[in-house]
Amino acid sequence: MKSLKNNQLYRLTIAQFLETVREPEVLFWGMLFPVLISIGLGLAFTQTAESKFHVMLVGKNQTELDSLLHIYAHQTESKGKTIYTWKITDETLGNTEFNFVRSEWEPAIVSLKRGEADVIVADSLGKAVYHFDPHNSQAQLVYMKLSSLMKSPASIADTGQTAIKPLTLKGVRYIDFLIPGLIAFGVMGSIMWGVSYTIIERRSQKLLRRMVATPMKKSNFLIALMFVRILMNVVEALILLFFAWLIFDIQIQGNIGALIVLFLAGNLAFTGIGVLISCRTSKTEVGTGWINAVQMPMMLLSGIFFSYHNFPEWSLGVIKVLPLTALADGIRSIFNEGAGWMEILSPSIALSLLGIICFVAGMRLFKWY
Amino acid sequence: MLQIAVNNVFKSFKDVKAVRGISLAIEPGKFVAILGPNGAGKTTLVEMMEGLRKPDSGEIIIQGKTWQKQEKELRKIIGLSLQETRFSEKLTVYETLILFAGFFELGDERVNEVIGLTGLESKQKSPVGTLSGGQRQRLALAVALLNHPQVLFLDEPTTGLDPHSRLDLWNILKALKDQGETTLILTTHYMEEAESLCDYIIIIDEGKILKEGKLEDLLDENARNLDELFISLTGKTLKDNQTVLL
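From first to last, the protein sequence lines are chains W and Z.
Heads up: the first sequence begins at 1 in the working numbering, then just goes up one per residue.
Heads up: the second sequence begins at 1 in the working numbering, then just goes up one per residue.
Don't take each hint at face value.
[As the list claims (entries may be wrong)] If we take Cβ atoms under 8 angstroms as the criterion, some of the chain Z residues that face chain W in the derived model are:
#, residue
1, K69
2, F100
3, F104
4, R166
Hint data in this document are derived by calculation from the structure and do not stem from the laboratory.
Where a beta carbon is used, it is the ideal one built from N, C-alpha and C, also for glycine.
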């Protein structure tokens, strides 16, 4: 019987594993970075934050706003400017703080351009007139809050009168949305760089050429590369999941078996894409371009950090068929909606098929040297 | 039986005719130098013999086998060192050798033998990235020797090395020659290398053989060394391809 230790697939797998774990960047970007980003974004979006808005007051005449500021705002001096601070406490929605600064028109516009101010309030015959970009949602929010506040300052300051019931269900927090997306994103990034870039780099170093000048089976090289990368992806996902559970109490509500199948289908899809885009070139610059061309659109469109439903209606059909969208949506449905085998069947088949088609096409075009 | 027979081989790349009708016959156990300046077609010729490039026309036979029909068998009996292979910098010398040994289903024992043969004992735990140029060439040679190759191809193995490292490598190859089990095809543009190591010398330029034979048969009163011979054949020096005024 042949010794396992002398088996070329075993040797290739061990060598590939050693090369991967000896790359400090792999450990940082693959393991530490996703944990840090999830902690950072998770904390930023789960704590009840205090909203701060900045408003420039333009005009010499007194408006109704000025009289309210005299009653509710606290006046301070900073860098030669008078700042009126109006705080509205709200235990449910978080506190809001408006900072008003009186200014001339030109400096107010400059402040708006620099993002130092959200809205300019000018006077027109004693009435407040709001100047802001209507496409800027932050400015819109300031306008709505401020105009509402001016109509009835007392009622807004006390939201206890309105009926707001904060949702405390599992799976509705931003972090519940983010973690499955980060797992899917990690799979894509890790394979694009770990498989595609590795193949291109070895081709450029003429190492592939040296290897195929031996009795090495070409398929063994690719199997070892894929196996090690998928193994690393499992470890990376488990680390991320562990921290997400520890810090944010993330739970998987659906079927774990279905999650594993979908995860592997995602790995297969991106491995196929990775082999296809790295099948010819021996220039790492060209390879980097291809990797970015595949990754960037999906990173922006597939709803990793924020929902893709904010994109125009016509684009949603295309976005939903992107492999990263299918993977992220599938993982999310298992994590947050309790999805099982039936729900992940079609995305898993679609991802696997995509991977196999790309892999076969890649192998047909593959240049070993 | 001839170890290697090359019959009227041609190879072009777009407009460049790299090899133009070369034929040669190499007997077993011989050390053969293919000598020529940069761009002479040495590497293209050797890569066709190594089965890494297909000739446009002509035939290459190694031990009666061809690359088209018996690639698997030929891969097992040849060893080679390419001009610019960069082994993975994250693996150690030992790990690199054990990886390549795995391709031939060989184990630790042979790896330790070639480490001893190439004098890499003190470096076996060092990452490839920390090796000097000479040590890297010795590693490339160690990889090429793993499978006890019957035919060994070395493509400019000492280019860019300092004189001391070059001498080290020559000594390893001389020891291999003394064993008499390996046929060596060596490309070089160093005259001393060809003179010191090889029994048979093939001088090529612009894809053609200019002259071939044993060293003593090639030299005479007009050409006392290979440098002078090359100048008399081409009007150029070998190392930097410069024209010489005769």
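So which hints don't hold here, by number, going up?
-> Violated: hints 1, 4.
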